[in-house]
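Chains A and G, in that order, are what the protein sequence lines are. So for the first sequence, the UniProt record's numbering puts the first residue at 1; every next one is plus one. So for the second sequence, the UniProt record's numbering puts the first residue at 1; every next one is plus one.
Hints should not be assumed to be uniformly reliable.
Same chains, same names: a pair is fine if it fits in one copy or spans any two.
Claimed, not checked - Distance condition first, Cα-Cα at most 30 Å in a straight line; then the derived DSBU-like pairs of lysine-lysine:
| no. | residue 1 | residue 2 |
| --- | --- | --- |
| 1 | 18 | 240 |
| 2 | 72 | 248 |
| 3 | 99 | 192 |
| 4 | 236 | 216 |
| 5 | 56 | 75 |
| 6 | 248 | 56 |
| 7 | 184 | 216 |
| 8 | 147 | 113 |
| 9 | 228 | 216 |
Hints in this document: simulated from the structure, not taken from any laboratory. All values reported here derive from a predicted model rather than from experimental measurement.
Number of protein chains: 2
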Amino acid sequence: MISVVLLGAGNVATHLYKAFSKAENITVTQWYNRSNSAISSYANEVETIDSLADLKEADIYIMAISDDSISKLSKVLPFENRLVAHTSGSVSIHDLDKKNQRAVFYPLQTFSKDADLDFSEVPICIEVTEKRNLQILKDLAENLGCKSYKINTEQRQTLHLSAVFVNNFTNQLYRIAHEISDAKSINFDILKPLITETAQKVQNMSPYMAQTGPAKRNDKKTIKRHLKQIESEEHKKIYKLLTESIKKTHGQR
Amino acid sequence: MISVVLLGAGNVATHLYKAFSKAENITVTQWYNRSNSAISSYANEVETIDSLADLKEADIYIMAISDDSISKLSKVLPFENRLVAHTSGSVSIHDLDKKNQRAVFYPLQTFSKDADLDFSEVPICIEVTEKRNLQILKDLAENLGCKSYKINTEQRQTLHLSAVFVNNFTNQLYRIAHEISDAKSINFDILKPLITETAQKVQNMSPYMAQTGPAKRNDKKTIKRHLKQIESEEHKKIYKLLTESIKKTHGQR
Ligand SMILES: NC(=O)c1ccc[n+]([C@@H]2O[C@H](COP(=O)([O-])OP(=O)(O)OC[C@H]3O[C@@H](n4cnc5c(N)ncnc54)[C@H](OP(=O)(O)O)[C@@H]3O)[C@@H](O)[C@H]2O)c1
Ligand SMILES: NC(=O)c1ccc[n+]([C@@H]2O[C@H](COP(=O)([O-])OP(=O)(O)OC[C@H]3O[C@@H](n4cnc5c(N)ncnc54)[C@H](OP(=O)(O)O)[C@@H]3O)[C@@H](O)[C@H]2O)c1
Chain A
1 MISVVLLGAG NVATHLYKAF SKAENITVTQ WYNRSNSAIS SYANEVETID
51 SLADLKEADI YIMAISDDSI SKLSKVLPFE NRLVAHTSGS VSIHDLDKKN
101 QRAVFYPLQT FSKDADLDFS EVPICIEVTE KRNLQILKDL AENLGCKSYK
151 INTEQRQTLH LSAVFVNNFT NQLYRIAHEI SDAKSINFDI LKPLITETAQ
201 KVQNMSPYMA QTGPAKRNDK KTIKRHLKQI ESEEHKKIYK LLTESIKKTH
251 GQR
Chain G
1 MISVVLLGAG NVATHLYKAF SKAENITVTQ WYNRSNSAIS SYANEVETID
51 SLADLKEADI YIMAISDDSI SKLSKVLPFE NRLVAHTSGS VSIHDLDKKN
101 QRAVFYPLQT FSKDADLDFS EVPICIEVTE KRNLQILKDL AENLGCKSYK
151 INTEQRQTLH LSAVFVNNFT NQLYRIAHEI SDAKSINFDI LKPLITETAQ
201 KVQNMSPYMA QTGPAKRNDK KTIKRHLKQI ESEEHKKIYK LLTESIKKTH
251 GQR
């Protein structure tokens, strides 16, 4: 049995709490948040606290709190030499105060409090300062049904950057398509199966192999017509830049 | 029962053939391709032909052939006043020779011959020159289990453009993430659940509502660090342009 104290009550902490409570070999000893109101509705199933002085002993303390507060909160933890992990994709493991044993337990996924999510599908990126702690982090991930990957801080920051491309930037392309189609009274629903299939394709095929379309074929006539169709200068720039990028990747320039 | 003659043997024609053969109320009268070799393996289940002179009567002729050849082939069809449709997202309905009744049956999806695909998930965009032909095209889609949408040529071309954004450009962002993570020996598999979830999220939520991340928050510190991490000038440009685009969409500039 792995005992966990969870700190924070945001998107990640809430999903982690639900996943931990469901797992057979994990027990949530306490759930801390600086304001109790965010977690008080869970008080009948777990001990909720809002004072660090009340923290009990546990195998691991998981701080799922805002990036900017990780360092500060780690300093004021009222104990030493215990195992403390943060869940951030971008904060260094060394931002955790060194009076404790340090770790990272970064779930590479996009979480919103209300959106349901199969936690077992979330890859967990793990880092430790003391090698002997690797196993407990792996066990934690495994007990959630998750795959875990040992990743150093530089790699984790690279993943965080890559995540911006496949998540935030991709979502902005969806947004632009939404704007473009809305302007001609087209139901955005028509594009949804294509969005799904595009994401599906690269699950078993490299994005390189999955590429199709006018830029890859260097189909100048279609590219020209598309540029004429686009009304916004900003969308035009994005169209041109990504077309050039595809052409470069596929040896068309 | 709707009788169909299929022309062409590429990605779309092959998927259409399979979907038509499975449908209860559709019969494929003939399958034409200029070179028989591409379809000869189906000769035991359907009449395959490579000469236009052999074309029989049918309710609809579907030309799933390369954009550039649609006009030319429609001119040499050896009959008049029958219903002829093409399957292109970008070719005008008026590119079909007017000696026949003209239509478009555009399946908005990305097809590869080998990739399996649930055809009933494909939205079909329909256009006709004679209103009375709308029903047969709708029936055809419905018999495949597909949703159909009445769309004019301008709207269809806008959809085609939007599809480039959500498919080709999105796939290029996956490719860039693949390059960035490869360079640090990171397994691209770690990013796959995030790719799936990003596409999943906009099935029930607008891309606007689904956006998260440093650009939306205008988190200058993270954006600066990301730009420092990116090695390729081209990737930097894409990062900057899409970050600006997100900021603009979400009122951060
Ligand atoms: N959201 C994601 O998709 C995602 C994915 C992977 C990793 N992460 C990482 O996970 C961590 C948490 O992210 P999140 O999205 O869950 O954040 P969030 O929803 O904004 O929640 C932040 C939590 O941190 C607490 N907090 C902020 N400052 C604090 C302080 N000085 N002392 C104590 N608690 C403080 C907040 O407490 P109050 O409730 O009192 O405000 C809140 O419970 C971050 O490191 C983030 O980078 C997020
Ligand atoms: N692929 C997609 O994802 C997709 C999606 C929606 C719509 N579409 C549209 O569907 C149509 C077909 O696309 P596709 O991807 O299936 O193309 P494809 O795989 O390249 O196949 C093209 C077919 O057209 C035939 N063809 C080319 N020139 C011809 C000519 N002059 N006379 C007779 N046949 C000719 C080819 O015959 P041979 O076998 O003899 O070369 C081949 O069978 C296009 O209008 C395309 O825009 C494609």
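Verification of the supplied hints:
With identical chains, the CA atoms of residue 18 and residue 240 are never at most 30 Å apart, being 44 Å at best within one copy and 37 Å at best between copies. For a Cα distance limit of 30 Å, the shortest separation of residue 72 from residue 248 qualifies neither inside one copy, at 45 Å, nor across copies, at 33 Å. When the C-alpha separation of residue 99 and residue 192 is checked against a cutoff of 30 Å, the pair qualifies neither within a copy, at 50 Å, nor between copies, at 36 Å. Within a single copy, residue 236 and residue 216 get their C-alpha atoms as close as 18 Å, and across copies as close as 21 Å, so both meet the 30 Å cut-off.
Taking the shortest alpha-carbon separations for residue 56 and residue 75, only the intra-copy value of 17 Å comes in at or below 30 Å, while the best inter-copy value is 82 Å. In this homomeric assembly, residue 248 and residue 56 never come within 30 Å of each other (Cα to Cα): the closest approach is 57 Å inside a single copy and 46 Å across copies. Within a single copy, residue 184 and residue 216 get their C-alpha atoms as close as 27 Å, and across copies as close as 26 Å, so both meet the 30 Å cut-off. For the identical chains of this complex, residue 147 and residue 113 are intra-copy neighbours only, at 22 Å inside a copy versus 33 Å across copies, given an alpha-carbon limit of 30 Å.
Proximity of residue 228 to residue 216 under the C-alpha cut-off of 30 Å is found in both arrangements, the shortest distances being 19 Å within a copy and 29 Å between copies.
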